[in-house]
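Sequence order for the protein chains is A and B.
Sequential numbering from 2 applies to the first sequence in the numbering used here.
Sequential numbering from 2 applies to the second sequence in the numbering used here.
Accuracy of the hints is not assured; some may be wrong.
Each pair may be met inside one copy or between any two copies, as identical chains are not told apart.
Unchecked claim - Distance condition first, Cα-Cα at most 20 Å in a straight line; then the derived SDA-like pairs of lysine to any residue:
1) K413 x G39
2) K211 x R330
3) K218 x T389
4) K23 x T107
5) K359 x G238
6) K28 x E53
7) K402 x L127
8) K309 x L195
9) K410 x T281
10) K211 x E197
11) K413 x T365
12) K165 x D118
13) K324 x I386
14) K211 x K288
15) K165 x R81
16) K218 x V338
17) K165 x M155
18) K36 x K211
19) K218 x R330
20) K210 x D329
21) K357 x A125
22) K402 x T365
23) K324 x N190
24) K392 x V46
25) K218 x K315
By construction, these hints were calculated from the structure, which means they are not laboratory data.
None of the values given here were measured: they were computed from a predicted structure.
Next come the chains, spelled out residue by residue.
Number of protein chains: 2
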Amino acid sequence: MSKFNQYFLMEANDVIEYVQEKVSTFKNSNKLSCKEIGDGNLNYVFRVVDQESGSSIIVKQAGDTARISDEFKLSTNRIRIESNMLQLEGSLAPDLVPIVYYYDDTMNCCVMEDLSDHTILRTALLNYEIFPNLAEDLATFMANTLLLTSDVVMNHQDKKNMVKNYINADLCEITEDLVYSEPFTNYKNRNDLLPENQEWIEQNIYGDKKLRFEAAKLKFDFLTNAQALLHGDLHTGSIFVREHSTKVIDPEFAFYGPMGYDVGNVMANLIFAWAHAEFTLPSSHKKDSYLQWLEGTLTDIIDLFSNKFLTMWKQNVSDIMAKEDDFDRWYLDSVLVDTSGVAGLELIRRIVGLAKVKDITSITDNQLRAQVERVCLLTAKKLIIERTTFKVGTDYVNTLKNEALLGKKVMKND
Amino acid sequence: MSKFNQYFLMEANDVIEYVQEKVSTFKNSNKLSCKEIGDGNLNYVFRVVDQESGSSIIVKQAGDTARISDEFKLSTNRIRIESNMLQLEGSLAPDLVPIVYYYDDTMNCCVMEDLSDHTILRTALLNYEIFPNLAEDLATFMANTLLLTSDVVMNHQDKKNMVKNYINADLCEITEDLVYSEPFTNYKNRNDLLPENQEWIEQNIYGDKKLRFEAAKLKFDFLTNAQALLHGDLHTGSIFVREHSTKVIDPEFAFYGPMGYDVGNVMANLIFAWAHAEFTLPSSHKKDSYLQWLEGTLTDIIDLFSNKFLTMWKQNVSDIMAKEDDFDRWYLDSVLVDTSGVAGLELIRRIVGLAKVKDITSITDNQLRAQVERVCLLTAKKLIIERTTFKVGTDYVNTLKNEALLGKKVMKND
Chain A
2 MSKFNQYFLM EANDVIEYVQ EKVSTFKNSN KLSCKEIGDG NLNYVFRVVD
52 QESGSSIIVK QAGDTARISD EFKLSTNRIR IESNMLQLEG SLAPDLVPIV
102 YYYDDTMNCC VMEDLSDHTI LRTALLNYEI FPNLAEDLAT FMANTLLLTS
152 DVVMNHQDKK NMVKNYINAD LCEITEDLVY SEPFTNYKNR NDLLPENQEW
202 IEQNIYGDKK LRFEAAKLKF DFLTNAQALL HGDLHTGSIF VREHSTKVID
252 PEFAFYGPMG YDVGNVMANL IFAWAHAEFT LPSSHKKDSY LQWLEGTLTD
302 IIDLFSNKFL TMWKQNVSDI MAKEDDFDRW YLDSVLVDTS GVAGLELIRR
352 IVGLAKVKDI TSITDNQLRA QVERVCLLTA KKLIIERTTF KVGTDYVNTL
402 KNEALLGKKV MKND
Chain B
2 MSKFNQYFLM EANDVIEYVQ EKVSTFKNSN KLSCKEIGDG NLNYVFRVVD
52 QESGSSIIVK QAGDTARISD EFKLSTNRIR IESNMLQLEG SLAPDLVPIV
102 YYYDDTMNCC VMEDLSDHTI LRTALLNYEI FPNLAEDLAT FMANTLLLTS
152 DVVMNHQDKK NMVKNYINAD LCEITEDLVY SEPFTNYKNR NDLLPENQEW
202 IEQNIYGDKK LRFEAAKLKF DFLTNAQALL HGDLHTGSIF VREHSTKVID
252 PEFAFYGPMG YDVGNVMANL IFAWAHAEFT LPSSHKKDSY LQWLEGTLTD
302 IIDLFSNKFL TMWKQNVSDI MAKEDDFDRW YLDSVLVDTS GVAGLELIRR
352 IVGLAKVKDI TSITDNQLRA QVERVCLLTA KKLIIERTTF KVGTDYVNTL
402 KNEALLGKKV MKND
């Protein structure tokens, strides 16, 4: 009897046996090596390499508590969601996610394409690397996966069954806490403020009643708006890149929510990359061309997403009332309002809350980091409070550059 | 072996055997009589009476097609939903629903309290009967069942599991078609217009682009907004009354949707009752006091619902962000906007669509009926297009009375 008939948390040696037993192309491989390479918060990721052929594969297994903290008890349901979602995304947005070879609901693991020749986008951006296709690929990924899983296109009964299959209560709760509640209330006392910004954040975030009120509205949209099947965690750490290749990974937070949640997350995390480069790089031609590319990417993600969304709408709309004149534009506008709000929330929670981003934490000069944080937080507040005014990509870039300019003036005067 | 171990559609004689076998209090009853008394669209309703003791009971069984048309294929899932929902409503709003004694998921039937001493509210209203507690009871029923099943109060993980258990795809599709699509597009060619109003409706409903656009927005809210567990079909045919007693029945359309859907349905159906009385009764003291009571009831349903909602919010709110200052009022306002929109949709679909109400169809003079329909349709258009302005009960009554006054002037001039 196979030892893999009952769930246990595998070590590297178990994974080699597992792959030999379960994956046909590795059945006769006697020189397999395996290493745990996970650095996410929730799962164990093993890379298995056939030392003879050089071919390789990833085995991702879900544990039953989060790696960063035993406080988060998690159902292993998330690996089912991730595996199903990767396959669905692969069919809706071809070549933009890793291929799934095998999903095992006993061992709670998923065997998938090895993308070790790719880099995590956040890391690449911290090295100021440029990816000419990034905006195009991400806009395609989002327009396709979001619009094609919505009531605009899907049969409404099928869509409701999808909603049911992708109920993801425990992972959604993490987002509800970390993104939508703790940054404004610190009610779990887990926020982590840079000492140089403690007072500023207490005054300008915790103390801003209007901001908190708008965040509450956005939270209830997240809780109730079953608009499309989201990736649910689409930051630059969930995107693999190589020149001319983009692969979205880790959709374990997938659920039916507001479309703007995915688009807003992408925007916020690229804003972090921009702020990092703008404030840490000395003036140079390289800096200029990197920032120029990144500003173009921020702009294009919104504008290409909007264009693709409207084009695909015309080609795929099935709901009879969604065909009303100009309804597509109204619907897209509401997605863009959510996008702006969520981008603001993501910027705030990564600075105020417990889960940080390297774009900020890698700035070792605390005075400088405090200023970069304030630029991002001030941009965030505009994105949330004035979210109906962010309609095109340049609205984001102009606001961000303006806040950066003001921030630099403050620094000069200090 | 029991004949009830496999599903079949029961006749009256089967139901007698069934009750003797399944319901302990009827085990030794040898003088049971049984009659099918159903007049709804989807189910078979049997009343079983013990001729000796006089005690009685209702057995409701789900068929697998709708009674009104074989076109509607239905899952028997709806009787599970109805039985569970009645029990849940009974715990959230005590004494306002019939007691469930037994639910059988093989025979797809539910054994429940007999309310034959009550009358269907629509029938009672067509007899101009007055029920002093009606507004109070319905406001309590809606405030309790809606607020207490929402993310404002419930643990969010538990709420998501409720969303899953109450996915009700086929019955929702009926509503999506009959309420949100066909009245504006006639795309299934099933609309049923009074000849005297054919041209008027083609021009003022089908031909009103602004109205259709707003209906499209409301449709997508219905499709995506998993706000609270709704009754889903709360018209005056789903409410049993007796003096000082109100019982809400038939929650088979229950699902997680926008709260305003239930409140709006109640309002629209009471508006029909008002219009019927206003235009068919000759002037009299009785007419005056009946209309006065009905106008008070229309007013109170909105205002008592609002008051109870805000009071219960304070007592039960658990979400940390929902506790922000004035968020309760903002949230209620958005429910009231939906309420107005849905009330308008229900008024339109009952006149234009295939499922009519007796308040209108019982008016035998076609000229008069045409005028009453127009008054209701003009009120409906205001309720939909200007839905952000209907904040308190008198907003509804004033608009309705104003349209009625204008309608009477038109008749005089004809």
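Quiz item: Looking back at the hints listed earlier, which ones does the structure fail to meet?
Solution: 1, 8, 10, 12, 14, 18, 22, 24
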